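Protein sequence lines, in the order shown, are assigned to chains A and B. One point on numbering: in the numbering used here, the residue at position 341 of the first sequence is 341, and numbering is uninterrupted. One point on numbering: in the numbering used here, the residue at position 4 of the second sequence is 4, and numbering is uninterrupted.
In case anyone wonders, no lab produced these hints; they're calculated from the structure. It should be emphasised that the depicted structure is a prediction, and the values quoted were computed from it without experimental measurement. All C-beta atoms in this analysis are idealised placements derived from N, C-alpha and C, irrespective of residue type, glycine included. Treat the hints with care, as some may be off.
[Stated by the list, open to error] Chain A stretches covered by chain B per the calculated footprint, using a threshold of three residues with CB under 8 Å from any CB of chain B:
no. : stretch
1   : 12-24
2   : 128-135
3   : 283-290
4   : 301-309
5   : 349-356
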Amino acid sequence: MNLDVIVIGAGSVGTPTALFLSEAGLKVAVIEKNPSTGQGQNKAAIGGVRATHSDPAKIGIGLKSLEIFSTWKEVYGDDIGWKAGGYSYIAYREQEVSLLKKLLKIQKEFGLEIEWLDKKDLLSYIPYLNPVNLLGGTLSIKDGQVSPLKASSSFARQAIRKGVKFFYNEEVVEILHNEHKINGVRTNKGDYFCETVVNAAGADASIVMKSIGLEIPIFPESHEAGISCPLAHFLKPLIVDLREGPEGKTSNFYFGQNDEGAIIFCYTPEPSIQGIDRDCTSEFLPVIARRLIDVIPSLAYMPVRRVWRGLYPMTPDGIPIAGREGNWEGLYILAGMCGQGFMLGPGFGKEITAQITNGKPVLEPEISKAFSINRDFSSQVEALK
Amino acid sequence: MEKKRLQSHPIINITPRKEVKFKFNGEEMSALEGETISSALFANGIKIFGHHPKDGSPQGIFCANGQCSQCLVLVNNQPLKACMTLVRKDMDVRSCEELPSLPQVKKNPVFKKINEIKTQVLIVGAGPAGLNAALELARLKVKGIIVDDKPELGGKLTLQTHAFFGSIKDCFAGTRGFRIGEKLAEELRKTGKFKIFSNTTAIGIFKDGYVGLLKENKYMLVKPDILLITCGAREKAISFPGCDLPGVYGAGAFQTLVNRDMIKASDKVFIVGGGNVGLIVGYHALQANIDVVGLVEALPEISGYKVHKDKLRRLGVPIWTRHTVRSANGKEKIESITIAEIDEKFKMIEGTEKSFEVDTILISIGLNPINELYEQARKFGMNVFSAGDAEEIAEASAAIFSGKLTGRKIAKELRKNVEIPEEWHKLAEILKSKPGKTTISDVKILEKENVMPVIRCYQEIPCNPCIDACPFNCITIRSGNIMDLPVYEGKCIGCGKCVAICPGLAINLVFLDYDEKKEKSMILVPYELDETMINIDDIVDTMDYEGNPVGKGVIKKIRKHQSMEKRLLVSIEVPYEERFKAASFRIRQDSRQLDNIVELVDDDMIVCRCERVTAREIREAIRSGVTDMNELKSILRTGMGACGGKTCESLIMQIFKSEGIDTSLVTPFTKRPLVAEVPLKAFAGDKK
Chain A
1 MNLDVIVIGA
11 GSVGTPTALF
21 LSEAGLKVAV
31 IEKNPSTGQG
41 QNKAAIGGVR
51 ATHSDPAKIG
61 IGLKSLEIFS
71 TWKEVYGDDI
81 GWKAGGYSYI
91 AYREQEVSLL
101 KKLLKIQKEF
111 GLEIEWLDKK
121 DLLSYIPYLN
131 PVNLLGGTLS
141 IKDGQVSPLK
151 ASSSFARQAI
161 RKGVKFFYNE
171 EVVEILHNEH
181 KINGVRTNKG
191 DYFCETVVNA
201 AGADASIVMK
211 SIGLEIPIFP
221 ESHEAGISCP
231 LAHFLKPLIV
241 DLREGPEGKT
251 SNFYFGQNDE
261 GAIIFCYTPE
271 PSIQGIDRDC
281 TSEFLPVIAR
291 RLIDVIPSLA
301 YMPVRRVWRG
311 LYPMTPDGIP
321 IAGREGNWEG
331 LYILAGMCGQ
341 GFMLGPGFGK
351 EITAQITNGK
361 PVLEPEISKA
371 FSINRDFSSQ
381 VEALK
Chain B
1 MEKKRLQSHP
11 IINITPRKEV
21 KFKFNGEEMS
31 ALEGETISSA
41 LFANGIKIFG
51 HHPKDGSPQG
61 IFCANGQCSQ
71 CLVLVNNQPL
81 KACMTLVRKD
91 MDVRSCEELP
101 SLPQVKKNPV
111 FKKINEIKTQ
121 VLIVGAGPAG
131 LNAALELARL
141 KVKGIIVDDK
151 PELGGKLTLQ
161 THAFFGSIKD
171 CFAGTRGFRI
181 GEKLAEELRK
191 TGKFKIFSNT
201 TAIGIFKDGY
211 VGLLKENKYM
221 LVKPDILLIT
231 CGAREKAISF
241 PGCDLPGVYG
251 AGAFQTLVNR
261 DMIKASDKVF
271 IVGGGNVGLI
281 VGYHALQANI
291 DVVGLVEALP
301 EISGYKVHKD
311 KLRRLGVPIW
321 TRHTVRSANG
331 KEKIESITIA
341 EIDEKFKMIE
351 GTEKSFEVDT
361 ILISIGLNPI
371 NELYEQARKF
381 GMNVFSAGDA
391 EEIAEASAAI
401 FSGKLTGRKI
411 AKELRKNVEI
421 PEEWHKLAEI
431 LKSKPGKTTI
441 SDVKILEKEN
451 VMPVIRCYQE
461 IPCNPCIDAC
471 PFNCITIRSG
481 NIMDLPVYEG
491 KCIGCGKCVA
501 ICPGLAINLV
511 FLDYDEKKEK
521 SMILVPYELD
531 ETMINIDDIV
541 DTMDYEGNPV
551 GKGVIKKIRK
561 HQSMEKRLLV
571 SIEVPYEERF
581 KAASFRIRQD
591 SRQLDNIVEL
601 VDDDMIVCRC
611 ERVTAREIRE
621 AIRSGVTDMN
631 ELKSILRTGM
641 GACGGKTCES
651 LIMQIFKSEG
661 IDTSLVTPFT
671 KRPLVAEVPL
681 KAFAGDKK
């Protein structure tokens, strides 16, 4: 098989990347250890898509992703469950008000459409919000939601149509190279040769690099999520509450109503749960129930259907790693998405495709340095991670 | 509106209950206190509870067991399962016609702490296995908690009006199922060792060793040292055109409606599947004066007990083997069924279709263990056991014994000083036996007998109450093996105890000395249907033991017998030459086929009921290369609905198989908590 690029991982990041690479005229294969597309963390994602970040580079990639997701049906014909409605960061305390207002300035500067809504305006946009102590919140109206399941299968379908080959149930065991030049991968089933490898292996990204002794600072954390039965649409935006939970077990939490009408919800555990265990614990439901009902009291009556856990491949600074590895020719890393692989995947797919094919990049080269694997990871921390 | 309630029942006493008024779609209706919304609606003749938001298809009862959410209704604006929610005075119930809206809440919420309980043993499911395990443990001074999602303990025992098989000593043979349930529950209460939580569903098992319980909308977490899963079985589903119409449901759901809630759920049913469940449910229907138009079985032979089949045939119910259901016909409700013959490859043979007018189709093609909780607990490394159907599908008598055995095993695990007798293991296996071979023998007439039993027990099944019942030990099983056939050895006094106790209704007495002129004879026949249907001097159509017409008989005497509650013993005068031929009498006439075979509108069929996915769509996806159930989820949403794939998973596997794919290569659905939908407020400690 004559290949230009091998993408490791058919998940939220690898699959759109493979599609865009093939659209740029390259011969692409994707190696995936699971039986089909999106079976790693993709299906655990809640599907929120936003450009509302605090880091300029992430805002840029987020805007690109949004453009791709929101026009997907027009461009590719597949319904991926896109739901417009925005993201709203709500504030019940002065400290959130001041943080959010401070960020608003940078966000606007980098092209994000975001507004501050006072209590009254916020309540008219989200009428079911608990009004007691509500101070206001942001609304980035161009953000939205997508079905991760539908999106990943559509990415794969379109990629296959463009000639991308997918190899499922196959695990990369070694990166093949000649000195510091990449020339393929070895899997548990055979060897594949090419000059460019994109590591989009999500939570496994650092394991895949062990054979060449490359350390990628990615530490998976586990987050739990849940979904309700579909309900009549009543909640337009995805809501983020930055407060730490009163029970001392959560930092922020977020939820939204997807295209199907289901309420999908998740929180950031405090302290974080390190490791790759994805089994549910008894703690999640009682904690999230209080937080959800506290913000929208009507949710008390929503039937909860299922809960699950997914992994957030974290980097030390909460910012993804994306771009060429400086010491290895032909090796690109697209990993450490910190739980945002789904929403950033298509944007990064475009960016990395431009880097590989010398096309027009999404970001100014100066800005994209924020994602460099060779950066100093201890310098800054993303405020809205 | 016509009341669809049973006014009397030949076996079950109907206890009068207070009437309460509620509203359905604005119309005032009456219900009985303590009954579920679904039963109250059925009682008022309402079988359509809403329409699916995806395609407007009518929705109604399917599992009647809290598992599938098909019966979702709005109760005071809140989406709830009609089959699990008890009706209350002035409740405002509305059909679910689109995606449910949540009620607007103005009040600032208040939360309570979730109770966390530690216990030695937690038993999930108080059916035959769970109750017996609890009893065995209680006797050995082990304490614990037993939970069941229904108001009454006993599980499926509470729905069984027939007398049980097996042996009297080990599993209450000869006692009616619901009486066994009552007895066990009563005994367990007396021990005081187990906390009993009824109306309590185990909704999930978590990595940290906790079991999430929902007790009447109140959530609690229980951490047991040992967990025992005895939550029984669920019915296997089958797909055919029209299978998703309200009115197609499981035999278990039917028994719940009829035998628990005393609802006349149907006028005419058809049964699909001839295992014991299907045969028994047919008998239950007849007991409730619901006509059984017929039964189809795909195999060349009925797989249930022959005595059950014979009993149904004698009453006049037609049974078609090597037949299947082609379609349920009707738009909003079932108007008819079309059945067809099938060949060796289970393909329908064109031209063999027959249509019958029915309003309900009962599915009883087999059971699957409810083992998700067990599997999950095992995965999490908990000390977990399972027993009864949750462990392995078998008869309830086997579940009773399996519970007792597992109770002992758990006691041993808890270092109680007990042994498990070697014969227990053997007996447990015997009770689980499928029916063995059938040996039909002619009636042997012993000399100088005035009266004798004729035992039409020709198939090897684990059952022996007749040998214990006979006061003179005239009936024996010579080998002593409970599976072997009983034989009559002479000296019958004609007391009728054997007739009264035989669970299979397979014993008659023949009075040889009834008529000196030898023109007539008298036979004694067991009868368990509506007693108002038979009167002294009635002329009846007699049937042979397998349900072939014999001739005429006259009812001479109807009496009760103390050995069996509510079973009538009917003396029928028959012609002398028919004395060994006639075994009983029919109560229904042959089913009339419709003149025209109902045309099939579309041969596609629903496979995933929750998400309305059809066989054709699944087949197309498989042909495009899908071999992962989870990928199928992404593309079609199969298994993403409320039931979590409980109904469709095995159906989809069958489609994979029929497409020539090795199903061992198909990745199964990933299963996650919860096992049933639960309102969020329960987790916040709000029980209102």
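Taking the hints in turn, this is what the structure says about them:
1. Taking a C-beta to C-beta cut-off of 8 Å, the stretch 12-24 of chain A contributes 0 residues in contact with chain B, too few for the three needed, and the coverage statement is violated.
2. Look at the stretch 128-135 of chain A against chain B: 3 of its residues bring a Cβ nearer than 8 Å to a Cβ of that chain, three or more, so the hint holds.
3. Here the stretch 283-290 of chain A counts 6 residues with a CB under 8 Å from a CB of chain B, which clears the bar of 3, and the coverage holds.
4. With 8 residues carrying a beta carbon less than 8 Å from a beta carbon of chain B, the stretch 301-309 of chain A meets the three-residue requirement, and the given coverage holds.
5. For a cut-off of 8 Å, the count of residues in the stretch 349-356 of chain A with a CB near a CB of chain B stands at 0, and the three-residue condition is violated.
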